[in-house]
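Below, each chain spelled out in residue letters.
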Amino acid sequence: MADQGTAHELPPPSYDAELTEVRRGTPMGELLRRYWHPVGLVADATNTPRRVRALGEDLILFRDGTGRPGLVHARCCHRGTTLYYGKVDAKGIRCCYHGWLFDVEGHCLDQPCEPEGGRRRETVRQPWYPVQERYGLIFAYMGPPARKPILPRYECLEMMDAGEFVEPDDSSIGGGGPAIIPCNWLQHFENVVDPLHVPILHGVFSGMQFTDAMAAMPSVAFETTEFGVKVRSTRPAGNGQIFKRVTEAVLPTLRVVPNPRVAQFARVESIGWTLPIDDTSFRIYVAGRVKRTGDLGRMRSRFAGKFWGDLTEEEHRDFPGDYESQVGQGPITTHSEEHLVSSDQGIAMLRRLLRRQVRAVAEGRDPVGVSFDPNAPPVVFEASNQIQM
Amino acid sequence: MADQGTAHELPPPSYDAELTEVRRGTPMGELLRRYWHPVGLVADATNTPRRVRALGEDLILFRDGTGRPGLVHARCCHRGTTLYYGKVDAKGIRCCYHGWLFDVEGHCLDQPCEPEGGRRRETVRQPWYPVQERYGLIFAYMGPPARKPILPRYECLEMMDAGEFVEPDDSSIGGGGPAIIPCNWLQHFENVVDPLHVPILHGVFSGMQFTDAMAAMPSVAFETTEFGVKVRSTRPAGNGQIFKRVTEAVLPTLRVVPNPRVAQFARVESIGWTLPIDDTSFRIYVAGRVKRTGDLGRMRSRFAGKFWGDLTEEEHRDFPGDYESQVGQGPITTHSEEHLVSSDQGIAMLRRLLRRQVRAVAEGRDPVGVSFDPNAPPVVFEASNQIQM
Amino acid sequence: MADQGTAHELPPPSYDAELTEVRRGTPMGELLRRYWHPVGLVADATNTPRRVRALGEDLILFRDGTGRPGLVHARCCHRGTTLYYGKVDAKGIRCCYHGWLFDVEGHCLDQPCEPEGGRRRETVRQPWYPVQERYGLIFAYMGPPARKPILPRYECLEMMDAGEFVEPDDSSIGGGGPAIIPCNWLQHFENVVDPLHVPILHGVFSGMQFTDAMAAMPSVAFETTEFGVKVRSTRPAGNGQIFKRVTEAVLPTLRVVPNPRVAQFARVESIGWTLPIDDTSFRIYVAGRVKRTGDLGRMRSRFAGKFWGDLTEEEHRDFPGDYESQVGQGPITTHSEEHLVSSDQGIAMLRRLLRRQVRAVAEGRDPVGVSFDPNAPPVVFEASNQIQM
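Sequence order for the protein chains is A, B and C.
With the first sequence counted from 1, adding 357 to any position gets you this note's numbering.
With the second sequence counted from 1, adding 357 to any position gets you this note's numbering.
With the third sequence counted from 1, adding 357 to any position gets you this note's numbering.
No lab work stands behind these hints, which were simulated from the structure alone.
Among the clues, some could well be false.
Pairs involving identical chains hold if they fit within one copy or between any two copies, as the list cannot separate such chains.
As the list claims (entries may be wrong) - Capping the alpha-carbon separation at 16 Å, the derived lysine to aspartate or glutamate pairs in EDC-like fashion look like this:
| hint | residue 1 | residue 2 |
| --- | --- | --- |
| 1 | LYS648 | ASP373 |
| 2 | LYS505 | ASP527 |
| 3 | LYS444 | ASP675 |
| 4 | LYS648 | ASP667 |
| 5 | LYS505 | ASP360 |
| 6 | LYS505 | GLU670 |
| 7 | LYS505 | GLU366 |
| 8 | LYS444 | GLU671 |
| 9 | LYS444 | GLU672 |
Produce the complete structure using the sequences and hints provided.
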């Protein structure tokens, strides 16, 4: 009898471009551009130009002498030299090649090689994006100006417990590896609504990376919410108690995940934004309530007692974590070869929700989760670790 | 008078895709997939997953706890994470991400995140390929299941002389360089039926790499056989004796080449399989009759007294060998620019034979050299070094 | 009010292929091939084959035993192995693979694996290009043989002042960085007719790299000449004197630029040829009148007292020069995003002149600046640094 199920009959693999590609003009790229995204720490915007790559675009971040942060297209609008080599002064950033000076909104203030500093300099504009600073992060809006929403506030970062303050982090905590992770952002974002991998990947495979309470296989309920997908996991906690954990994936890219080390039974402490750098890499910015500077950094995972960057190649193989399982899906996973099952319900819900928003934008409507009301109250999440009788 | 023959008039170069490209679905790819190919040493299949790349496909080789070797598609059929990070147990290999367990034929035995380990787990199958172990090598069949031939036996590896045994080697002996060689496999395979390069490349250019008997320009006769191309080279051997050498290129990729160091006048000692890793790299597996472990490795060429890996860049230039001459043709040589002559007759014959088989497969027939008879006798080669009066 | 001028509305960028791409068969590639280009130093052609890449073609430069330099297609016309591994003898270069011997004009003199050294060897020809040696450089003509012009002589390299001789240099003096510069050649060539960047880039940004006389913003007049674009810059020089500087960009790629360190007020000392290696890299060959060997090399720029190769990444950012400003435009700048202004008049003139020549060639005419008269007098340039009352 002939062999069954061999790889010879596999059709050519393909990936779902509508959900994964992020460049300007792509369906998902335009959906993502309807929201604000963190592109750096507040401390990253200084008088030294800094390279930023976000949603496939090369940009330069700086802060002028009056303290205003600016985010401009990397190529000077005059002759294309990168403004990375520019000099920042009180009024803006000046290109190294012919000295054109641009303010944080791209206005050209000086063309020193032209008569009178450029009689028609107001007719050119350096392409720029609006930015706002909040929670220690710099957020940019890269979408159509007429649809710019408010930058949301979040209750979990506004309402402090005693002694708490908000700390930002740009090291891709939660990515399980280096700051820049070489695979498509959606592979990471989907992981947020996949609680069942935890006892396998982070338990059986790596030795328990988190707390013992996370080692048990949970009972899980999935739910599509107003602006994302919510996962309720329930595990027995001894003494007849029940450990309830709620995590949320919130559009466009928010990880609303309570501490997996379950240091406390409490509402979620932090928000992580999954920034697509381009189609095949991403990084994670986090803002969280802490009591000591560096608390977020202390959440970094260890594998066999070591940090990820200290593992040998063999140890990466023997103790795989989030980085290995997600990057191990390839630069962009080939969705045509997947087989989703009932425990992947959260992923299916998230894709459907994203796809509906992609189509809403294509049809001229606003996607979920954007607000144009400057007096909108902070967004409240249910995400938490709780213990119940 | 204007210059003649300048490069300005060269047409754009092209290569012969029908003969060179090896991916699934290409003409040559499908021809190659009608045969068994070595993809590792027997010792490579262990409880540690091992990456294998063959014919442009990424695969994982392992051996389950009962001793059965398995070769599966690298991407888990669930969500695409590579099984390189998997764990092997008695029954098969388990993906690191959600713990799906597959046996060596891709059956899904467990889905631990699903109720009852997956009530419908039998509806998914990890893509796999059948393997067999022989001559210290693991052979895989990557073609259509209904056309799977027997794995051939070879008389030269079955009939031992006194004290001999079969030893495998995966270091690309005969490639003249590293284990993985960065050019198209056909550039190497054609070299087998090109005896006239030996006194030039391996004599004049490198200093004689082989035995003195090989230094003379031979008289050569070429012949298309039932399953390949045979080359008979004749050289004077002193005292009125004649040194006769027969080498064969056998489909799909077999090098049947007696020891060029002519340690003995005898039938061929080894077979080399030229495994196309993808369109632009290959490696060579060898199995040969030896009297001492490591005899095959001791056949590695030296250049100016050094091994290839120890040469400086200048020494590679000054003492070119098989690696330099074949990789020096480019990743895939541009056949449109070639000028074959009478001494290239073996190459022309081999290409015609390959092309006929490509077309046979396209027309639904079997290519030469495959057998479906489990009782077929071992294949006998004429390849040998002989001395005659 | 919605934001104005944000990068969201940028159309997809594009570059001007007609002016930038250099491969055989492209518009600019064919224009460039109507002229002689330096491809090495005279000292580079020896009995050791040397790799040369010019206008996107891989070539081998050598010198036969009679002293004649040869430039041939890298791939042997027999089976495609690179002649980099060839051996040079009295008559030519011999391929390592099958020993075919070619003279400097590609005639096949021997096919040692063929009967009688190849009875039909005269029917094959190794693709080659004519070369000439002058000013310490080897010039090649890579265009249609019937349109081969004379190799021009230049008055500035023919008429010596007392104690002067001509020295060649291949280190890309004037490129501001390494010998091979990773961006399109036109980004560099345009820089020659852009005198206004000097006080900005080389003054304000890098600290004055040149002489104080160059620090002032000049008055500039641009002029399209018979074979290029001429720039006359005028600066006050104290004591009522005027510093006049003339630079010229001459087709196809000549930098005719008097010493920017203004060591003397005199006619131009050197010519630089901008050789396009391929579409995204170039190098500069220079020949100049000097009094001491090494004088050209001593013109290399310093940044903060250091040579370019000794700068840290931060110092490259803080002291950008020609390399940073030109490579910082990208591998090929995206012309669609430029905004040329009045001070870019030289660049606009040069592009128009180049475009007219591209079209002349396409229409079967000769471009400007080629001569077919072996008795043509040397070309005279006005380029100079002068001081006037």
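Worksheet item: Using 16 Å as the alpha-carbon threshold, which applies to LYS648 and ASP667: within, between, both, or neither?
Response: neither (28 Å within a copy, 45 Å between copies)
Worksheet item: Between LYS505 and GLU366, at a C-alpha cutoff of 16 Å, which is it: within one copy, between copies, both, or neither?
Response: Answer is between; shortest inter-copy Cα gap is 14 Å, intra-copy 48 Å.
Practice prompt. Measure nothing new, just compare the shortest in-copy and cross-copy C-alpha distances for LYS444 and GLU672 to 16 Å and report within, between, both or neither.
Written response: between (45 Å within a copy, 13 Å between copies)
Fill in: Status of GLU670 relative to LYS505 across identical chains (alpha carbons, at most 16 Å)
Close neither inside one copy (45 Å) nor across copies (37 Å); limit 16 Å.
Item to complete: Up to 16 Å between alpha-carbons, please classify LYS648 paired with ASP373: within, between, both or neither.
Response: neither (42 Å within a copy, 56 Å between copies)
Item to complete: Up to 16 Å between alpha-carbons, please classify LYS505 paired with ASP527: within, between, both or neither.
Response: Classified as neither: same-chain Cα gap 25 Å, cross-chain 54 Å, threshold 16 Å.
Worksheet item: Can you tell me if LYS444 and GLU671 fall within 16 Å by alpha carbon in one copy, between copies, both or neither?
Response: between (46 Å within a copy, 13 Å between copies)
Item to complete: Could you figure out if LYS505 and ASP360 sit no more than 16 Å apart (CA to CA) within one copy, between two copies, both or neither?
Response: between (57 Å within a copy, 9 Å between copies)
Worksheet item: Within a copy, between copies, both or neither: where do LYS444 and ASP675 come within 16 Å Cα-Cα?
Response: between (48 Å within a copy, 8 Å between copies)
Consistency with the previously given hints fails for numbers 1, 2, 4 and 6, ordered from lowest to highest.
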